[in-house]
Amino acid sequence: MDSILSVAGVSKTYASGHHALQPIDLSINRGEIFALLGPNGAGKTTLISIICGIVTPTTGSVTVLGHDALTDFRSARRAIGLVPQELSVDMFETVIATVRFSRRLFGRGANEAYLEQVLRDLSLWDKRNAKIMELSGGMKRRVLIAKALSHEPDILFLDEPTAGVDVALRRDMWKLVHRLREKGTTIILTTHYIEEAEEMADRVGVINKGQLILVEGKAELMKKLGKRQMLISLQEPLATLPTELAEWDVALENDGKTLRYIFDAQAEHTGIPSLLRKLAELGIGFKDLETSKSSLEDIFVDLVEKKDAA
Amino acid sequence: MSGTHKAPAINVNGIWAIYRFEMARGLRTLWQSLVTPVITTSLYFVVFGGAIGSRISTVGGVGYGSFIVPGLIMLSLLTQSIANASIGIYFPKFTGTMFELLSAPVSAMEMVVGYVGAAATKSIVIGLIILATAALFVPLQIVHPFAMLAFLVLTSVTFSLFGFIIGIWAKGFEQLNFIPALLITPLTFLGGAFYSIDMLPQPWRTVSLFNPVVYLVSGFRWAFFDKGDVSVGLSLGVTALFLVLCLGVVGWIFRSGWRLKN
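Top line first, the protein sequences correspond to chains E and B.
Taking my numbering, the leading residue of the first sequence gets 1, the next gets one more, and so forth.
Taking my numbering, the leading residue of the second sequence gets 1001, the next gets one more, and so forth.
In case anyone wonders, no lab produced these hints; they're calculated from the structure.
Model, not experiment: these values are computed from the prediction.
Derived lysine-lysine pairs resembling DSS-like cross-links, with alpha carbons at most 27 Å apart:
1. E:LYS140 <-> B:LYS1093
2. E:LYS209 <-> B:LYS1261
3. E:LYS140 <-> E:LYS175
4. B:LYS1093 <-> E:LYS131
5. E:LYS140 <-> B:LYS1261
6. E:LYS140 <-> B:LYS1171
Pair ranges (Cβ atoms, derived):
7. E:THR270 <-> B:GLY1257: 48 to 58 Å
8. E:ALA168 <-> B:LYS1261: 30 to 40 Å
9. B:TRP1204 <-> E:HIS19: 53 to 63 Å
Where is the CB? At the ideal position from N, CA and C, for every residue including glycine.
For reference, chain B alone in the conformation it holds in the complex (with noise of 0.2 Å):
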């Protein structure tokens, strides 16, 4: 017995079971989690590459078909990450098991380390597959690979944390799918995923500037083409600030124990 040791400061192995719970449980359902997002894309490609793309034919320069692949991946990369997260979180309150990680030696933080490692890290993984699906469909470059990679990592993280906030706040399955379904998707696809929002009428244009996802596709298509609507530092800005945003809340989550603990 060695209850009277005096436990390490870091719980990694605790981190390590969550991280490697929720990457099995991804496991489980392999099919869904990456057949899905392949198929999707495919039919982007068909829909709006083939068949609106054939009248589009380039945007700055940029063939319509490879100009809507760093769109596409955000599009999966915030619902996917928001998706797995938020269940992921939502799964043991919803099963009861949550007693078990609250009476663990596992900090707040080791939580989330954990849970939204894991979230983001099957986004990322969504992400690439993604971007070899449209390589079969559309020539691509990415001129800052380090940069896209960083923003694949970025917004994947950020957007895993507020799904895990959704799974902590969401009383019931439908509340996990009312954020994605009536903020995310419409924001995504006002968010300049299929076009530039140069080409909005005003005040269109400016109404844009104010949508989060706009920063975050054009950051993303700034790292494949070296040009996006807004400066790269504006796009990673706004990034950081809904991120820090987030761990605030997930920090405070903690502190109060809201909707956790009584």
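For reference, chain E alone in the conformation it holds in the complex (with noise of 0.2 Å):
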């Protein structure tokens, strides 16, 4: 695969003595969906600008297109595109005249016909003129894409393009990255909902306290991260767990009140039938069932701890 961005040994330690990024080296394929998954305070935004050049990092260099981020950055930025998590625009400008500002900022000289195509794209088109402190937020955050997307970049960045946005503005986020990507763009976004990046992403990149602890097609990410987990309440605490159950991963817990079995979502069988009938047979009798996801959390340290295994 042809790589589009590279960062190598690139970290960040504030002046602070915080340290919000430990050394990475990721490489980022043209032409895909790449999204770096983790929750709040994972380093995901702190990765991007140093990227984007908004942030100075401690060690590491970052290559775009193959001209160094840091000491040729005029050829570097002006292949990137940046929508950030919060939604900061000029109040008092109309969508048009913020969106030719960008184009003339990343250094390109005006081309209406693309830009009033970018506006269309995004639904903003009717709105062009319209002051932007006048927009709902779903609709800022959309100027704020196409500022991003003036100077025809080929690379975009959509830090939690999702965050505090409703269902219906969601799926048309989607769409358009989807459209985008068609079109030859490469797409970096941050997300700290797992189906975000199971929706939209080709490949991902796991981080967690700064750290990356894995990058994966998503496909076999979504195959260890699919557990989830059933917990059974009982109507009458067991004191030990039948040796007939022992062919599921179930375990006792809450002085033998609850029965927690963990099973794999995206198997064909997740053995839910056949245990709930197994119950009925040892005559165990339930009152509730509640069956959830393994937390984000979770599945951080479950997977830190399976890197340190290794």
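Make one complex out of these two single chains by using the hints.
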């Protein structure tokens, strides 16, 4: 695969002594959608900010299309568009004015036809003469995307594109990302929703506490992340786990009042119907069932432990 | 897609974008930008020119009303340059749009040219408007018109740079007003805007020579009336020195990323 962006040994330690990023190596392929998945404070925004030139790395280098992002920042930055997490826009400007501003700022001459296309794609064309302060939050986010696309970047960064966005807009955002990819734009997004990474990305990098734990194709990762658990509240507490249940991955909890069953949601047979039949056979009554995904935090702990053990 | 091409050495479009953005910001508040200095100048003429001037009549052979014109223009140039440039660069920090400037292929110098250029342009326009307003009240002569323009431009650029530094330094709106109110206004009033420092008793005359604004006003007044409190060369030297000092600080800010980058 053709690499469009590479990060080599990039780390960040703030003046306060806080290690925001451990040395990170990462290569992004041309035309892919890459998701950086991690909880809040994991270092996702710091990594993006370093690549885009907003934060200076403590060590390491970033290369964009063969241009060093520090020494040849003009060529590197021209290739990048960034949509930040916060709705940071000039409230008093009109939509078209702010998009034209961004295009010029990134060194491009006027191209009204292109800007019209960008605004139409984002359903902003009708609002082009509206002041940004008059727009809804979702519209403001689209304006930020239009600004980031205004100079025809090869790589688009979306920092938490769906944070605080309603369901309909989230769907729109996903569609937009896929449309952009069809046009050949490489997309790197950050998210703390597993579903979002699953829905959008080709490859996923999992980041936690400043460490890039693993980078994998979506399908392989989802297998790893696909564990779910079912909590069965028993009518009568059990003193010991019946040996008949040994073929399922179950454990007694909560003084024998709860049975916890871990299963693979991606598997063809989850084992749930047979487990419930077995419980009925054994005369073990239950009053409630609850299935849940392991939390992202659990998954990270799990992944880190696996990595440490390996 | 053209990301693979090498970018040009100077981002002229980028400078132009910042300059136009800043000028447009001024146009949105056109009334405040232009009417305020006109009204303020008129008030100064009523108070200083009319009330006090009737008792002073002439300073060094120049009518008092005419005498205060260069000082009045200087007063507005300094405050307007600082206010315009400091708000211009402070605002993106405040709203968070600074991310775009920092991630754009724009060098530090290009940013300075855009912001300081626009702030200085606005100051120069205001200076000329005050000059025109003054001409309605008092007879004016400009002995060295080119020197007058040169001082106008030099002062506007220098103090716009100074304002740019304040805007980067400021962590809140109070701090934006702090230096202009506490430093610039007193220095201007004590800098001979409304009197010749020859009129001061010692030791205040000597103390005044440590006030850099004295040199600005004096040089500017020389351009009008061919006489100032200090020699024009000295005026020019002190102004240029302050310009170089501000350039040095701006250079350091961008190299270190101080208050801009982590």
